[in-house]
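Visitor: Sequence:
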Amino acid sequence: MSISSELSAQVQHWLAQDPDQVTRDQLTQLVADANANEVALRELEDAFSAPLEFGTAGLRGPLGPGPNRMNRVTVLQAAAGLAKYLVANGEIGQPIVIGFDARYNSDVFANDTAQVMAGAGLKPIIFSHVVPTPVLAYSISQLSACAGVMVTASHNPAQDNGYKVYLSDGRQIVSPVDTKISKQIRSVVDVRKINLATEIEILSEIITKSYVEAVTHLITSGPTTSAQRREIKSVYTAMHGVGWQTLKEVFLAAEISEPIAVTEQRDPDPAFPTVAFPNPEEKGALDLALALATQSGADVVIANDPDADRLAIALPTIDNNWLALRGDQIGCLLAWWIIERNSDQKLIGTFANSIVSSMLLEQIAKHAGLNYEATLTGFKWVSRVPNLLFGYEEALGYCVDPQNVKDKDGISAAAMFLEMMAFLAHSNKTPWDILDELALSHGHHATDQIVVRVTEVAQVGVVMSGLRNSPPKLLGGMAVSRIDDLEMGLGNLPATDAVVIQLAGNGEVENARVIIRPSGTEPKIKCYLEVVVRNSNLLLARQISDNALRVLAKDAAPLLNGGN
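Residue numbers for the sequence shown, in this note's numbering: 1 to 564.
What the hints contain is simulated information worked out from the structure, not anything from laboratory work. Certain hints may be false.
Here are the simulated lysine-lysine pairs, PhoX-like style, with alpha carbons at most 25 Å apart [said to hold, decoys possible]:
hint	residue 1	residue 2
1	Lys-233	Lys-248
2	Lys-366	Lys-346
3	Lys-209	Lys-248
4	Lys-209	Lys-123
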């Protein structure tokens, strides 16, 4: 086996421009291994197979040498491309704010970005310390910045890092901006030719304190008293990320009792030693928090993902077990609370969630006389809904204060959830009671999800084309009433690679749907299931919906493998 001359030339060009001795050494060793080892050769070929794709999620991928990995060269190229885009749009001389989390090389990537921006004639402002993503999003408007960059891979595995880009409105980029930036990135062929400068402003704690004040005002302007808020006992895990310090400051300032932290996961650690995946949705991720909650007699478990833009909640059940809420349950509870906490005034605005999130939010909004809008998956779309009052997506993302943070925010959402619990406790109720009331008013909405990890990108195309070319006529014993191919667009929704299968329901199930789409950030195909059952006997409604979901999942699973 041997390395092709073309690949060898790419490697040499990369080695010549890479400023990082670590990745140069890694690449040199990989080349040596590839001359004798098939596995190493495949790894080398993959590392140089294509540039890491820059899209609406920015960059995200495993750390390592080569254009298909996250490293200083790819970050310098991305920063230079972004700078060219901003300068071409008349932003020269304007501030750009840069934040970073505690992952491997996040601080290095942030500093490289700042030097590129300074060299391009922009005014980089970089945080002096790790920050949650919501703080970065908040800082953009506060500093009148023309853009923002957050170096994070959110809840991805430890070997990954990423690069989120926001514009002056404080929202993540969408098409066609991503395409324009990507074009500029591709024009940067040698990072040694990038003009770097060190005129960089260092941002201390002032913006974080301002963010804390904004969230505090949000909570203290509500109907609960500080005494009520202090009664709620919580356990918190930062999942080895950067959420703890800021969340603690918010809780103390808002006069919410300081959470009992899971010490093993409280402080930033890029190795994420206690979890296979630092995602509170993953099985086992909350085990330490749940054990501590049981031991301490807590009322609620709160979890953020590593960059603290997502929120997970677990609650004790009537039989003294703990159960993690689904993202849709948290979202609908927060929606209910936003209406309830403002019951003395006329609310005006729009509730929004992504198309793969529960249909229940629409019912809650319309019942309260509010507008509702469904968006494509991703908070970059939810945040763009006009007159947004509250938005969420089922993957644990919630925006409860769109005036200040136009992105998902796991810290302000946590504070508001505990405010709701304080109000309910004073009324001798729990969130479970509210979920029951919503089910009685609007039907029991039960959701589930099937996820298939893929090893080959081509598998995604096979699945989606198979679904389009040979769609099912029956799923879960229910007739398919309509199929919406979102690749063709639907209503005001931009085109996207997803298929929505609407089901007619049956005697017990009022209606149901199945949505299938590729993940935008991970090598997965996702299938979202929802059934709606109306029955005044909620125990029976749950039994019917659980059974309907099981049958529906069994019928839908083959669709993810290209069959039906």
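Visitor: Which numbered hints are broken by the structure, listed smallest first?
Guide: none
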